[in-house]
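Chains as they are written, first to last, in the working numbering: chain A, 1 to 267; chain Y, 1 to 351; chain B, 1 to 255.
Keep in mind the hints are simulated off the structure, nothing from the lab.
Note that the Cβ used here is the ideal one computed from N, Cα and C, for glycine as well.
A couple of the hints might just be wrong.
To be verified - Stretch-level coverage of chain A by chain B, calculated; a stretch enters the list once three of its residues show a Cβ under 8 Å from a Cβ in chain B:
#1 60 to 70
#2 118 to 128
#3 192 to 204
#4 220 to 231
Said to hold, decoys possible - Away from chain Y, derived, C-beta distances all over 10 Å, residues of chain B:
#5 Gly6
#6 Gly42
#7 Ser44
#8 Tyr48
#9 Ala56
#10 Gln96
#11 Val134
Given next are the chains, with one letter for each unit.
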Amino acid sequence: MGLLFVVPLCLMFVISFAGRGTYGGIVWSFSLTNYLDLLHPLYARILGQSILLAAGTTLLCLIMGFPLAYYIARAAPRRQGIWLLLVMIPFWTNFLVRTYAWMFILRTEGLLNTVLLKLGVITTPIELLYSNTAVVIGLVYGYLPFMILPLYVALERVDRTLVEAAWDLYATRWTVFRRIILPLARPGVVAGCLLVFIPALGAFLTPDLLGGARSMMIGNLIQHEFLVARDWPLGAAISCLLMLFVVGMMSWSLRAAKPLVQQESES
Amino acid sequence: MHAKEMILALCLALFLLGGNLACQRMSGDEEQKTLHYFTWSDYVGPELLAEFERRHGVRVVVDTFSSNEELLAKLQGGATGYDVTVPSDFMAAIMIQQGLVAELDPAMLPNATTLEDHLQHLPFDPTQRYAIPYLWGTVGIGYDSAIISTPPDSWAVLWDSRYAGKISMLNDQREVFGAVLRSMGASMNTKDLALIEEAKVRLLAQKPLVKAYASDHYDQLLASGDVVLAHGWGGPVARAMKDRPSIRYVVPKEGGTLWADCLVVLQSSPRKELAMQFINYLLEPQVAARTAERLLFASANKEARPFVPAHILDNPAIYPPLELLPRLEWMTDVGETLRIYDRAWTELKMQ
Amino acid sequence: MKQSGGWLWRASVANLFFLYGPIAALIIFSFNASRLSAAWQGWSLHWYRALWADQALQAAAVNSLWVATVSTLLALLLGVSLAVGLEGLPGRRQRQIEQALLLPLVIPEVMMGVSLLLFFVLVRMPLSLTTVIVGHALFNVPVVLVIVRARLRKLDPRLLEVAADLGASYGDALRYVTLPLLSPAILGAGLMAFTISLDDFIVTFFTAGPGATTLPLKVYSMIKSGLSPEINALSALFVIVSMGLIGFSLLLQRR
Numbered sequence: 001m002g003l004l005f006v007v008p009l010c011l012m013f014v015i016s017f018a019g020r021g022t023y024g025g026i027v028w029s030f031s032l033t034n035y036l037d038l039l040h041p042l043y044a045r046i047l048g049q050s051i052l053l054a055a056g057t058t059l060l061c062l063i064m065g066f067p068l069a070y071y072i073a074r075a076a077p078r079r080q081g082i083w084l085l086l087v088m089i090p091f092w093t094n095f096l097v098r099t100y101a102w103m104f105i106l107r108t109e110g111l112l113n114t115v116l117l118k119l120g121v122i123t124t125p126i127e128l129l130y131s132n133t134a135v136v137i138g139l140v141y142g143y144l145p146f147m148i149l150p151l152y153v154a155l156e157r158v159d160r161t162l163v164e165a166a167w168d169l170y171a172t173r174w175t176v177f178r179r180i181i182l183p184l185a186r187p188g189v190v191a192g193c194l195l196v197f198i199p200a201l202g203a204f205l206t207p208d209l210l211g212g213a214r215s216m217m218i219g220n221l222i223q224h225e226f227l228v229a230r231d232w233p234l235g236a237a238i239s240c241l242l243m244l245f246v247v248g249m250m251s252w253s254l255r256a257a258k259p260l261v262q263q264e265s266e267s
Numbered sequence: 001m002h003a004k005e006m007i008l009a010l011c012l013a014l015f016l017l018g019g020n021l022a023c024q025r026m027s028g029d030e031e032q033k034t035l036h037y038f039t040w041s042d043y044v045g046p047e048l049l050a051e052f053e054r055r056h057g058v059r060v061v062v063d064t065f066s067s068n069e070e071l072l073a074k075l076q077g078g079a080t081g082y083d084v085t086v087p088s089d090f091m092a093a094i095m096i097q098q099g100l101v102a103e104l105d106p107a108m109l110p111n112a113t114t115l116e117d118h119l120q121h122l123p124f125d126p127t128q129r130y131a132i133p134y135l136w137g138t139v140g141i142g143y144d145s146a147i148i149s150t151p152p153d154s155w156a157v158l159w160d161s162r163y164a165g166k167i168s169m170l171n172d173q174r175e176v177f178g179a180v181l182r183s184m185g186a187s188m189n190t191k192d193l194a195l196i197e198e199a200k201v202r203l204l205a206q207k208p209l210v211k212a213y214a215s216d217h218y219d220q221l222l223a224s225g226d227v228v229l230a231h232g233w234g235g236p237v238a239r240a241m242k243d244r245p246s247i248r249y250v251v252p253k254e255g256g257t258l259w260a261d262c263l264v265v266l267q268s269s270p271r272k273e274l275a276m277q278f279i280n281y282l283l284e285p286q287v288a289a290r291t292a293e294r295l296l297f298a299s300a301n302k303e304a305r306p307f308v309p310a311h312i313l314d315n316p317a318i319y320p321p322l323e324l325l326p327r328l329e330w331m332t333d334v335g336e337t338l339r340i341y342d343r344a345w346t347e348l349k350m351q
Numbered sequence: 001m002k003q004s005g006g007w008l009w010r011a012s013v014a015n016l017f018f019l020y021g022p023i024a025a026l027i028i029f030s031f032n033a034s035r036l037s038a039a040w041q042g043w044s045l046h047w048y049r050a051l052w053a054d055q056a057l058q059a060a061a062v063n064s065l066w067v068a069t070v071s072t073l074l075a076l077l078l079g080v081s082l083a084v085g086l087e088g089l090p091g092r093r094q095r096q097i098e099q100a101l102l103l104p105l106v107i108p109e110v111m112m113g114v115s116l117l118l119f120f121v122l123v124r125m126p127l128s129l130t131t132v133i134v135g136h137a138l139f140n141v142p143v144v145l146v147i148v149r150a151r152l153r154k155l156d157p158r159l160l161e162v163a164a165d166l167g168a169s170y171g172d173a174l175r176y177v178t179l180p181l182l183s184p185a186i187l188g189a190g191l192m193a194f195t196i197s198l199d200d201f202i203v204t205f206f207t208a209g210p211g212a213t214t215l216p217l218k219v220y221s222m223i224k225s226g227l228s229p230e231i232n233a234l235s236a237l238f239v240i241v242s243m244g245l246i247g248f249s250l251l252l253q254r255r
């Protein structure tokens, strides 16, 4: 299995140094032009904006997903599987159809604006669709289960007696959360953040549909280079750089999720 | 974990895969008598396929792709097994040039002799040796005549600030540049760097007026009234007309893109004869007419016209009036200059 | 714990509303007589009837379910065994291998798809549904790995020591101690992998052979001719059937 993805990866790495043929084929040569081209500030902006959006998405997923994950973790063991299924079922529908449903909700005359107008919360419709906000909403929606599931897996193991002991010692809700629940759930938090941040960084359909393709994220750029521009070498180069960045970030975060025993011995 | 357990897991995995392969083989088809058609969704109705299957005693298996670029990438990557596919004109040109397309035998394609006059000699394949046009049309502007009372006649209407926030453009680099270049009086296939730069500046100026760059759901945007001007292909605009009768379609005076989806036989196909018979069948007048009616794209076969309902023939979004032809142009590959367009497009998006 | 109960319950319900909101919209539109989501033209079962007659779409749905099931099982097998296997290694080596195994998660989908295609062509393996399954299993293994390892880190190693002291063999310890304790993680990871596989498009597109159409492939290609509410109907059916299964299992649990 290792061979399965190491070989194509190496192939891609090699391609990133090649040149693009006049009509889109690969001209096998060796040069750093692709990487040098990427030093243009335009690409840095694309990467920066993508990281921002992905980070925002991850944070929102964490904040929103934590309560539900905790609730499921504390539910009766037999019910937990059912709750998890309930969380996942919306995502067994087709992605395009879900995204179109969001577009219907967020449109200027869509469901959200109609409801808010009727309730008198706003007086003029909010232009939500075709903006970065809509993209974040779409991404958070799409990746929420990716956060809930790992969180649940970690939270399920949180020893109730520890929490109860803290209550008995008159700790506030916030202290219980901060000093007991959160540290114990840390591996789950790290796992969830990884599983949300990385795919969100490479998202391309959501920015195109919900963002009205008004902006380019790095996922769009890679798609564009491989398909429309037919520039596999440049696409490979961008992918390699992106992967380098993500791997670096991952190794830092994996170090952060130290095993429980070590944590105890350190505190 | 000890080696024993890992090997056990691996064996289980291989067993699973093998079982899957066996299942596939059991439900598989006799390879000789199956035609594999790789196409856009919905491009041929099931009843028409059934007719072909009955006539020739074969099975037709349809697989679909969603963009020309994906088709090319997959074929360039080396995928085989498909027999007939339907690239758009510029993609057909690239595929021919890359050697992915097999040569056709005119004797097997009698229906191809009655193509529309302007489609008989495609610029990239004048003798119909490789590609046969199947459906054709134009790229223009769909607009709501209830809001825009005088029919727009120039691409410049897409820059009209009266309709700010109610304009949609295609999410297609070449087409969007095509629109602005034409409004400047140039060709969409220009390689002039100064012109492209000027075009980029104009597009940047237009961006605040554009609601979205959409190649897929602008028919919905038009029908719902979210936009009053939509840059798009005729077919989807015709779809929108059904839900909002005030929608009209126009190809501006500076000209527009002429497009044609072409049927080709893949070089890697082991059933080239059957493939050509299939192409011939698709071009049969009544078959072609049914397809045109269903998809709302014009058929390339002249002989199909008598079988197409009048309201479709008269709809300029579907059957472009032949007077338009002098101002239409084909999209051609711009070679190295594509990188310039690319960079300009990326800059436009990042503004 | 009752003090935080009310707040937790409300937050969870809000979450569920968020998750199911678009689904409700989607289901309602499957009954829309009009094709476009913009205009509501009355209730109709037309799209369900169309779905019933659409054999190609049904075949694609079946393919998707099959691919998702098999690739999930594969990913679980490989992922769990790798996760547990890594545990026995020293810290630095563990991290290195873990990072390497997480690579498929990091690769942009287009590149993954194209790479897999090039690989299959290289080893002269003809494309088919099986190659799709392999591709899916490949990018799901890191997902399983991440989730299961998150759980493993919380496993008290002393439990395994105790088991050994009590005379259990390695295999027994695995079966009676490790795996049961991991079961929520395995369930969660399996659910995740299944869901990811069901909706995958790009990697599937590049690895699918002729005749191996899955649901996402079919649906995305409908973009050019307009997405039919048949898909809404199909999605609605998925949701309703799944809910039905849940309800059924709840009933069984009552017994």
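> Out of the numbered hints, which ones does the structure contradict?
Replying inline: The structure conflicts with hints 2, 9 and 11, although it agrees with all the remaining ones.
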